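Use the sequences and the hints to build the structure in full.
Going line by line, the protein sequences match chains A and B. The first sequence begins at 129 in this note's numbering and counts up one residue at a time. The second sequence begins at 1243 in this note's numbering and counts up one residue at a time.
These are computed hints drawn from the structure, not numbers from a lab. Please read all numbers here as calculations on a predicted model, not as lab measurements. Every residue, glycine too, gets a C-beta built ideally from N, C-alpha and C. Keep in mind that the hints are not guaranteed to be accurate.
What the hints assert, rightly or not - What follows is a list of derived Cβ distance ranges for each label pair: (1) A:Leu170 - B:Val1502: 52 to 62 Å; (2) A:Phe195 - B:Thr1357: 27 to 37 Å; (3) A:Phe155 - B:Ser1480: 46 to 56 Å; (4) B:Arg1247 - A:His346: 12 to 22 Å; (5) B:Met1381 - A:Leu361: 36 to 46 Å.
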Amino acid sequence: MTTENGRRRVSNPRASPFIRLAENERFLATALLAPGVIILVLFIAYPFVMAIWFSLTSIRVGDAGQFVGLANFAKAMDDTIFQQAFKNTVFYTFWATIFKLALGMWLALLLNRHFRFKRIVRASMLLPFIIPTVLSAFAWRWMFDPTFSVMNWALYHGGMITDRLPFLSSGEWAMWCAVLVNTWRGMPFFAITLLAGLQTISPDLHEAAALDGANAWHRFWHVTWPLLLPVTLVVVVFSVIQTFSDFQLIYVLTGGGPANSTHLIATYAYQIGVGSGLLGEGAALSLFMFPVLCLVVWLQLRYLKRMENA
Amino acid sequence: MLIERKWKKWVYFYLPMAVFIVFTLFPFYWMAITAFRPDEELYATWRQPNAAPLWTLAPTLEHMKGLLQTTAFPTWLWNTMLIATVSTIISLICGTFAGYALARLRFQGSEFLGTAIFITYLVPQTLLFIPLADIIRDMQLGNTPWALMLTYPTILIPFCTWLLMGYFKTIPKELEECARIDGATRFGAMVRIILPVAIPGILSAGIFAFTLSWNEFIYALVFMASADQKTVPVGVVSELIRGDIFFWGQLMAGALLGSVPVALVYSFFVEYYVTGLTGSVKG
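Encoded structure:
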């Protein structure tokens, strides 16, 4: 069919100028790339430049403000709530990533075995990642409810506690709860991606190692882990970026409270930039994420390059 | 020997697997069971001896009815569906074109553009939302669906492009060359020969993009002000909590109904979704 269509077109001597132009590789490439690039420039590159400009001015809602140099950044560094938010973001990212990696790896190894209902189990394991985070975070908030918490009920009736646990009403507890929920949400991403990596590892390698007398742990550590390392690294980088810039989970779970103790950089920037309308200061706060994100990406690129050269 | 292996399988496989399943699915179970629970059962304190929070004794549709009749929830659901569909389609078109150009056409700066598009993938929304809200307002797009239909593709185009670029590279060049020898134009060969072969890849990117747009929160929160323009996540957060009071029955009903459409789409295309997910990080 298609070739016939093509023939007809060529036999037509009056091919439109556009079609002739589209034969030019450079022109076609420009035309194909244009729509995507325009959207990305308009809504990523341009706002990014604006973010830097905003952060150097005293702009607020309804007032264009003026150039203030690095004053917004200096103010943020002296702000104890921001210092706390920065520490929280590092804490949250560090622990959530460790847990997601460990549990995701474990789950991937389990899912890599043969068992009944494997497809449906694997499909349902991804649900936390599919369901909108805001909605599932509400379910968690309800499970952490100070008065009606099902977890307090279960622990109390299981005889493990005598008084309710202050899940979200104490700053330290709340931070760990957020780590737990983030782990719950992100673990499937690790598990499924690592599982895809595991499936590319030839079972022969494991058999050979087993014949040489390696036990399960040795086989994991000396065969699976090194082969999986490149995939793991990419997943970790993606996850670190997502977690470090997280907003919605904390926004729903604690709103940054109690007493500003669980703010992340993004939630605090939202509170200042949108809540109080201080656009310049808010933009400066979000920009504190940027160097850290750059560092993560740079480390990854450097590592990948070293792997290629090795 | 056999008995020992069976015992081992229980400890090393069934038990941890069961714990993972409960951990993963319990919040959804809890969401569902709360949505159908009358208030008397909902607000029974956990120390009450006869409280049975794990099961609803007298299920009720009261919260569902309240949600659908007294709030704008159906409108939010429609908005979300529309915005997610349109931004997915925009991203697929842009991503397919760009992916094809980067995979197949030789032109100056193709490598640079590929890397640049990949880097935009790593820019989080929380870095941009403050100036972007201003830009959206300047473009007179604030509080219209277009504010989200045009900004969601910024999250989706980079990975659509990368996913499809990888996919196009796996399609043998000979396929196109044959068509070209038979007289097809470059564009014709792409549309008629390569795109049909790439449909699984396009579907994977599309499903992944759809779930991501359904999930997006901060742009929708900042750009949409009036209640009838909100998406499900934003509507649930901002309109179902009145003052400081959480109506948990209605909230969970909203969370459940807001999750069902995306879960359904996902369940029909699990394999494609997984391909999209694992492909999106290969970079």
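Against the structure, the hints come out as follows:
no. : hint                             : result
1   : A:Leu170 - B:Val1502: 52 to 62 Å : 34 Å, violated
2   : A:Phe195 - B:Thr1357: 27 to 37 Å : 33 Å, holds
3   : A:Phe155 - B:Ser1480: 46 to 56 Å : 48 Å, holds
4   : B:Arg1247 - A:His346: 12 to 22 Å : 19 Å, holds
5   : B:Met1381 - A:Leu361: 36 to 46 Å : 39 Å, holds
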